[in-house]
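Q: Each protein sequence line maps, in turn, to chains R and G.
Note that the numbering used here gives residue 238 to position 238 of the first sequence, counting from 1, and the numbers run on in steps of one.
Every position in the second sequence, counted from 1, becomes a number in the numbering used here once 1000 is added.
Just so you know, not all the hints are guaranteed correct.
[What the hints assert, rightly or not] Okay, the calculated bits of chain G under chain R, using three or more residues with CB under 8 Å as the criterion: (1) 1004-1015; (2) 1126-1138; (3) 1212-1225; (4) 1245-1258; (5) 1318-1328.
[To be verified] Here's a subset of chain G near chain R, in silico, CB distances under 7 Å, partners left out: (6) 1048; (7) 1116; (8) 1163; (9) 1182; (10) 1183; (11) 1184; (12) 1195; (13) 1196; (14) 1199; (15) 1283; (16) 1284; (17) 1285; (18) 1298; (19) 1299.
Source of the hints: derived by calculation from the structure; they are not laboratory data.
We treat Cβ as the ideally placed atom computed from N, Cα and C, and that holds for glycine.
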Amino acid sequence: MKKQVTFYCTFFLLLALCALPMRAAVLPLMVDGADLLTETEEDELSRSLLEIAQLYDCDVVVVTTDSLGGYSARTYAEGFYDQSGYGRGEDYTGILLLVSMTEREWAFSTCGNAMSIFTSDGMDLLEEKIVPYLSSGDYGTAFLQFADTCGWILAEAEDGEPYGDGYDIYDGYDGRTDLLSAKWIVGSLIGGFVLSLIVVSIMARDMKSVRYQTGADSYEKEGSFVLTRQQDLFLYNQVTRVRRQTQQSGGGSSSSGRSHGGRSGRF
Amino acid sequence: MKCPYCDTEFEMETLAAYDESLSKDGSDQMDWESVPTDTFTTEEARGMRTYSCTSCGGQVLGDASTGAASCPYCSNPVVMTEQFAGDLRPNFIIPFKLDKKAAKEGLVRHLSKKRFLPKVFLTENRLEEIRGVYVPFWLFDSEAEANLRFRGTRVRHWQDSHYTYTKTSYYSVVRGGEIAFEGVPVDGSEKMPNDLMESLEPYDMSDAVDFQTAYMAGYLADKYDVSAEDSVERANQRIKTTVETAFARTAIGYTSLVPEQNHVHLKNSRVRYGLYPVWILNSIYKDEKYTFAMNGQTGKFVGNLPVDKGIFWKYVAIGTLIASVLIYGFAWLLMTM
């Protein structure tokens, strides 16, 4: 009897636990694998990151590691992001900063809406802000700068246009605004001109009616054609192949199949 | 077995068969026999005149009654020179089926519905001359035995998850057989532009009759000044081209077919001398000479016309507008997809 009660209690407790939103409690936004920060620095940073994440509904993660273990910085960052389950909303929106000590490499990895929010210019800004601190060994400041700058960029994006030029993936970005630029109009005109020139030249072909004959087709005697020799001899084959593009340009793809944006560098 | 230069591998049987087909390759043998022609009888010669052009030196023959006034080539006056005898008599003639009125109507038809023609051409062009001329042609008849070899390819594409593959299979395609030609014409008059004459083709030999001076009445005839020997090359060229297309048509299913060899042997060949009817119309527009010609048997009318630059560029401008809008609109649609 006691065993049964214990069993059912544990069962329902576990069930209740499952009902809790797992993520909020479990996933830390600061993972200091290389142990670069002190306890206090870690706490402060975690709080900042959580604040920003909740305010803008976008995970902002900082991860440090001793070594990339043979992977490229971006691949490691993407893999870590996907496998840990970061990202808010159905698109797994978030940005992750990875720093690896042995290789002295860093990487950003964006996912979901963050790919269009953190544009090339945005990542330029982040790079500018944090890499000098990483190089000088002041990791605490570097990561705080990362959090602040991300917060700023996210705030900008909320107000209107993302900082910098847009990134062509989500419906937040309207590709049509690009079309209005001069180069598209000029391009259409040039293309239209060339097409028109070709078509009109063909139309004017009937102005020239004097030309040499190519053969003597009209003078072939009807019924005189006889095929007496016919041989189709196979010689050899030649096979060539071209690697297919299975990935979108501008983004990598992790093993979980999700698209990521980002960049990497050294410090 | 492997080729030492390109590393392609071949089956032994393939090489043996290929070698055998190569050894069967021959060469061209395209000789022509001239059909003996008579010369004009004195009777006939009496009724004919030779006229020489004072300006370009062209020579034409005319019926005594024709009284030719101007040269069909350059529109300058001609004078009657000597009576002739002993000139080559044509094997046959295709008499004029269409008269001067038909020629004028032909011109009107030719100028109509030509949207790039300068509007003023119709009013400003001066029709200098309409002449009915019999143009001398060398006609080539022959049976031909042909042997051809092509390099053919068959291309196949397919793909899997990693690559797009392209397989090109190469074949040696051999074709041979017989084909006959009748009446392949080559312009025998140097003054008559060859491309103009060829544009009037085809002529229908079924209307050809034995030559009689009576057919000459009211018309001029060119004297031939290009020999049959000099015309042979053009005839052979045209025959070989048709032979190639006729036999290439029997090689089906190839992505590409490149001729490697084309050998023709002629049998029972003969060359005849005939006169074909042509209406020549010379016109001057803005100080430039425009020559039109009409096939006196079939009515086919040819002649290059000037393109009005204004009209041409107007069309291009309108076309550019339409095309640009279409391209821009298409790009816009793509962006929103």
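Q: At a Cβ distance under 8 Å, does chain R reach at least three residues of the segment 1212-1225 of chain G?
A: Check failed, 0 qualifying residues.
Q: Does residue 1196 of chain G pass the interface hint, meaning its C-beta sits closer than 7 Å to a C-beta of chain R?
A: holds, 5 Å
Q: Is the shortest C-beta separation between residue 1199 of chain G and chain R less than 7 Å?
A: Where the cut-off is 7 Å and the nearest Cβ of chain R is about 5 Å from residue 1199 of chain G, the hint holds.
Q: Regarding the hint that residue 1284 of chain G lies at the interface with chain R, is the smallest CB-CB distance below 7 Å?
A: violated, 18 Å
Q: Hey, does the residue 1184 of chain G contact hint survive, CB to chain R under 7 Å?
A: holds, 5 Å
Q: Min Cβ distance, residue 1182 of chain G to chain R: is it shorter than 7 Å?
A: Holds, because the Cβ-Cβ distance from residue 1182 of chain G to chain R comes to roughly 5 Å (cut-off 7 Å).
Q: A closest beta-carbon separation below 7 Å is what the hint needs, so does residue 1283 of chain G meet it against chain R?
A: violated, 14 Å
Q: Taking 7 Å as the limit, does the beta-carbon of residue 1163 of chain G come near enough to a beta-carbon in chain R?
A: Nearest chain R Cβ about 4 Å off; hint holds.
Q: Let's test the interface hint: is any C-beta of chain R closer than 7 Å to that of residue 1183 of chain G?
A: holds, 5 Å
Q: Are 3 or more residues of the segment 1318-1328 of chain G near chain R, judged by a Cβ distance of less than 8 Å?
A: holds (count 11)
Q: With a cut-off of 7 Å on the beta carbons, see whether residue 1299 of chain G makes it to chain R.
A: With a minimum Cβ separation of about 14 Å from chain R (threshold 7 Å), the hint on residue 1299 of chain G is violated.
Q: Is the coverage entry for the segment 1245-1258 of chain G by chain R consistent with the three-residue Cβ rule at 8 Å?
A: Holds, because 5 residues of the segment 1245-1258 of chain G bring their Cβ atoms closer than 8 Å to Cβ atoms of chain R.
Violated hints for the displayed structure, listed by number in ascending order: 2, 3, 6, 15, 16, 17, 18 and 19.
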